[in-house]
Every structure is written in structure tokens, then in C-alpha cells.
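Novice: Respectively, the protein sequence lines represent chains A and B. Take the position in the first sequence, starting the count at 1, then add 5; the result is the number in my numbering. Take the position in the second sequence, starting the count at 1, then add 7; the result is the number in my numbering.
Since the hints were derived computationally from the structure, they do not count as laboratory data. Nothing here was measured: the structure is a model prediction, and the numbers come from that model. Check the hints yourself; a few may be wrong.
Straight-line C-alpha distance at most 30 Å; calculated BS3-like pairs for lysine-lysine [said to hold, decoys possible]: (1) A/Lys177 with A/Lys52; (2) B/Lys75 with B/Lys118; (3) A/Lys76 with B/Lys75; (4) A/Lys52 with A/Lys76; (5) B/Lys118 with A/Lys52; (6) A/Lys229 with A/Lys177.
Using C-beta positions, here's what the derived DEER-type ranges look like [said to hold, decoys possible]: (7) A/Asp145 with B/Phe28: 44 to 54 Å; (8) B/Gly111 with A/Glu105: 13 to 23 Å; (9) A/Ala22 with B/Thr61: 26 to 36 Å; (10) A/Glu105 with B/Gly106: 30 to 40 Å; (11) A/Asp240 with B/Glu166: 37 to 47 Å; (12) B/Thr74 with A/Asn48: 45 to 55 Å; (13) A/Cys37 with B/Thr42: 32 to 42 Å; (14) B/Tyr27 with A/Pro18: 51 to 61 Å; (15) A/Glu158 with B/Gly111: 30 to 40 Å; (16) B/Phe28 with A/Asp240: 45 to 55 Å; (17) A/Thr217 with B/Asp19: 17 to 27 Å; (18) A/Glu158 with B/Asp57: 50 to 60 Å.
Partner residues aside, some chain A positions facing chain B, computed with beta carbon under 8 Å [as the list claims (entries may be wrong)]: (19) Met128; (20) Ser186; (21) Ile188; (22) Ile253.
All C-beta atoms in this analysis are idealised placements derived from N, C-alpha and C, irrespective of residue type, glycine included.
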Amino acid sequence: MTLQFAISPDFPPEHIAGWYIFNTWLQRTLDCAIHLQLYDNFNTLRKAIESDRLDLVYANPFDASLLIREKHFMSLARADNLQDEAIILTADQHPARHIEDLCPDTIIAATDVPDIEMMGMIMIEPADLNRDNTQLVTCDNYVMVAKQLLNGEADIGFFLAEAFDSLSDLVKKQLRPLVRSQIQVIHHSLMAGPVLHDRHTALMTLLSTMDTSEKGRGVLDALKISRWIPIDQEDSEFMIDLMDTLMID
Amino acid sequence: MQDMCPRDIVGDYTEHRLRYFDGSQRTVLVSETETPYPEGRLIVSRTDLDGVLTHVNQSFVDMAGYTKQELIGTPHSILRHPDMPRAAFADLWQTVTAGKPWQGYVKNLRKDGGYYWVLATVIPNVRQGRVVSYTSVRRKPSRGKVEEHTALYRKLRMEEDQ
Ligand SMILES: Cc1cc2nc3c(=O)[nH]c(=O)nc-3n(C[C@H](O)[C@H](O)[C@H](O)COP(=O)(O)O)c2cc1C
């Protein structure tokens with residue numbers, strides 16, 4: 006039987022080779038065939054989860070609830086150096102200096118990454134802004150979001166904080182952060198489905214000790230992950246509870 | 008819960024006697040100093056089924072002004088401000104014990120007598136089909152909503168006092 010492995014579509018494109026290397030490492034370590042499936046948007050990934058087609062997922066926090074509470078997945082690990090934090094930016098020439106300076110009919114540029122959009126929407130609430138009195142323009146990637154701001158086509162942009170940090174200095178200089186989230190407990194997680202439950206503890210150990218071998222470190226480097234931190238079930242339940250409170254409006 | 012201590016209070020204050028749901032009483036000391044909501048943060052706590060704190064995050068500790076040790080094991084009502092109407096918390100408890108999420112604007116009392124406003128969401132935590140605890144996550148409210156609720160709660164308090 007070939008296991009099906011999917012990664013959340015919001016991975017940085019330059020990590021694609023890294024995920025294939027990781028998949029090869031997983032196949033050798035587990036001694037079974039694993040097919041790495043890439044999805045180009047969150048909807049098609051969700052459909053695959055809903056129709057029970059996946060056994061391993063590197064999941065956006067937004068999909069964690071569906072995977073764990075409905076599809077009986079269990080969390081394995083998260084990347085030590087990666088957290089999902091959002092930042093809201095304007096073009097440097099934009100008159101807004103604070104979130105509270107924003108007015109109804111604000112145009113927002115964002116990608117389709119669901120947790121970042123949710124955090125962005127929460128961070129504009131202090132200006133009494135919400136989905137009903139703003140206009141959301143969905144872009145293919147963060148460079149396009151930045152372009153919307155620089156061209157004056159959007160007032161604010163929602164970014165993954167890391168994605169903003171990795172823009173070129175030239176672009177960054179023309180953008181101004183209005184607010185940056187510091188939530189610290191929302192992160193992507195590697196999760197395993199029911200067929201892997203009997204190997205769960207073994208898999209967690211393999212992942213969390215990956216950085217102790219030279220080969221393992223090479224694989225992690227390709228993914229720009231410093232090491233995998235094991236996640237216990239209650240930690241992921243806690244993150245899901247937190248996400249649940251944020252989705253209520 | 009212990010009475011609040013004049014030594015901990017910053018600036019002028021007034022004294023109030025609060026009677027809690029369980030019948031206990033406590034003297035709280037209240038100043039007019041507002042602490043602004045910390046930008047980009049969420050204030051998170053978890054309680055057991057009786058509303059006793061079992062988890063607080065760093066933003067909670069920073070805003071409440073108590074140490075983590077002082078908070079864990081203490082009823083959540085340690086933050087109750089005398090300007091909050093009973094009706095708000097009655098609604099909160101009625102909603103979450105019915106298994107539903109509650110959302111509302113809350114003025115909280117700090118250890119130093121000051122206050123801070125939040126938009127709070129409380130949800131029941133369900134494990135294996137049973138509610139085992141409650142989680143509350145607070146975010147920054149808009150000024151307009153704070154002003155609206157200041158007036159609304161004043162009116163409700165006056166009705167409750169009659
Ligand atoms: C998860 C959770 C979070 C709560 N957060 C607060 C809070 O931030 N401030 C507050 O005054 N009461 C909060 N409450 C309500 C208190 O438990 C309590 O009902 C309230 O302070 C009024 O006190 P009393 O019910 O003893 O009269 C919370 C309750 C729960 C279950």
C-alpha cells in the first residue's frame with residue numbers, strides 16, 4: 006500500500022525540493038512507499054482530507070480541527086523555528102499610521118492562506134472593520150500582495166510575518182508595518198492518519214531525533230527547519246480550541 | 008479571595024465591596040487608569056468547570072498584573088471589575104454551560120487597581136464528547152464598542168442596584 010502525503014499549499018516555493026527529499030527520507034525510514042501530493046490551493050486539499058484520501062499531512066492550523074477532531078489524525082511534530090504570525094502592511098506613502106486610522110471600504114490584499122487571513126481580520130477589528138465593510142482582493146502570492154500595495158491598488162496587505170521578512174530590502178523599505186501578531190502558539194503541524202497510529206510513537210521519536218544524525222540534518226536543512234519538536238495530543242487540542250475561539254464572530 | 012491591598016494600588020482609588028456568585032465577598036480598590044490593549048496579542052486563559060484558572064499565557068499575566076503563581080488555582084472572578092453588570096457573567100455562564108460559545112466586551116480589574124477592556128470569546132472544551140474545561144481568548148476591542156459598552160453596563164448596573 007502506498008501512503009498519501011500532502012503538504013499545505015502555503016509552503017514557500019523554494020522548499021519544494023526539500024519536501025521531496027524529506028519524503029524520500031520518510032520512505033526509507035518507514036520502509037514503505039509514500040506518494041507526495043502537492044495541492045495548489047486550500048480547497049482541493051480540504052476535499053482530499055474530507056474524502057479520506059490522505060495519510061500524512063503537513064497542515065495549516067486552519068485544517069487541524071478537521072484532521073484531528075473529525076478525521077482522527079494525530080499530531081506528530083512542528084518545526085522548531087516556524088510559527089504562524091501575521092503582519093499587516095501599508096505602502097509607505099499611505100496616510101494610515103495605525104490600524105485605527107483605517108476607514109470603511111478599506112481594500113485588503115491577501116493570499117488565500119486561511120490562518121493568516123483570519124488573524125489579519127482580527128487585527129483590523131479595532132478599527133470596526135470586518136468582512137462586510139472591507140473589500141478582499143486575493144492574490145497568488147505575497148509578492149503580488151506587495152505589488153498591490155505599491156501600486157496603490159490596495160490599502161493594506163495581510164502577510165505571513167516570515168514572508169514579509171524575506172522580501173527584498175528594496176520592497177520592504179517601501180512598506181510600513183501597522184501591526185504584527187505575537188500569538189506564539191499557532192503553527193503548522195505534521196500529522197498522521199489512522200493507518201499510522203500503531204507507528205505513532207516510533208515516528209515521533211524518529212522525527213524529533215532527526216537533527217542528531219548528519220543525514221537527518223541534511224534533510225532538515227533542505228526544508229529550512231532547525232528541528233522537529235514533538236507535539237502531544239493535548240497541545241494540538243489547545244491550538245484547535247484557540248483557533249475555534251478566533252473563528253467565532 | 009483576599010481583599011485588594013492599598014500597597015499594590017497605583018494612584019488614587021475608590022473602595023468597593025463585591026459579592027461573588029458563591030456568596031463570598033471581597034474588597035476591591037479601583038483607579039481610573041486604563042492600560043491599553045497590547046498590539047497584536049491574544050490574552051488567553053483556561054479554567055476548570057468551576058471557573059478556577061488552570062492556564063494563563065504571558066499576555067494574561069502582563070495585563071492582570073498578578074504573577075502566574077497568584078493566578079493559577081484562583082477563581083477567574085479575581086479580575087471582576089465593579090463596573091461590570093452581573094447580567095453579563097450570568098449570560099456567559101448560561102451560554103457556556105449549555106455547550107455554546109459566548110462572546111462579549113469585558114472591563115477587567117488589574118492588581119494595581121487599573122482596568123483594561125477586551126473582546127472576549129469563551130468556549131467549552133470538549134474531549135471524548137464531554138466538556139472538561141473552558142478556554143477564553145481575548146482580543147483588542149474598538150474604541151466605539153468600548154464607549155457603547157461603558158454606557159450600556161452603567162445602565163445595567165444601575166438597574167441591578169435597585
Ligand atoms: C473561561 C472563562 C473566562 C472568564 N474570564 C473572565 C474575565 O476575564 N473577567 C471576569 O471578570 N470574569 C471572567 N469570567 C467569569 C467569572 O468566572 C465570573 O463569573 C465573573 O468574574 C463574575 O464573578 P461571580 O460570578 O463570582 O459573580 C470568565 C469565566 C470563564 C469560564
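Novice: Does each hint hold? Answer for all of them.
Specialist: Going down the list of hints, with the structure as the test:
no. : hint                               : result
1   : A/Lys177 with A/Lys52              : 36 Å, violated
2   : B/Lys75 with B/Lys118              : 12 Å, holds
3   : A/Lys76 with B/Lys75               : 36 Å, violated
4   : A/Lys52 with A/Lys76               : 12 Å, holds
5   : B/Lys118 with A/Lys52              : 49 Å, violated
6   : A/Lys229 with A/Lys177             : 22 Å, holds
7   : A/Asp145 with B/Phe28: 44 to 54 Å  : 53 Å, holds
8   : B/Gly111 with A/Glu105: 13 to 23 Å : 21 Å, holds
9   : A/Ala22 with B/Thr61: 26 to 36 Å   : 44 Å, violated
10  : A/Glu105 with B/Gly106: 30 to 40 Å : 36 Å, holds
11  : A/Asp240 with B/Glu166: 37 to 47 Å : 44 Å, holds
12  : B/Thr74 with A/Asn48: 45 to 55 Å   : 46 Å, holds
13  : A/Cys37 with B/Thr42: 32 to 42 Å   : 55 Å, violated
14  : B/Tyr27 with A/Pro18: 51 to 61 Å   : 56 Å, holds
15  : A/Glu158 with B/Gly111: 30 to 40 Å : 37 Å, holds
16  : B/Phe28 with A/Asp240: 45 to 55 Å  : 32 Å, violated
17  : A/Thr217 with B/Asp19: 17 to 27 Å  : 59 Å, violated
18  : A/Glu158 with B/Asp57: 50 to 60 Å  : 53 Å, holds
19  : Met128                             : 7 Å, holds
20  : Ser186                             : 5 Å, holds
21  : Ile188                             : 5 Å, holds
22  : Ile253                             : 5 Å, holds
The structure fails to meet hints 1, 3, 5, 9, 13, 16, 17 from the earlier list, while all remaining hints are met.
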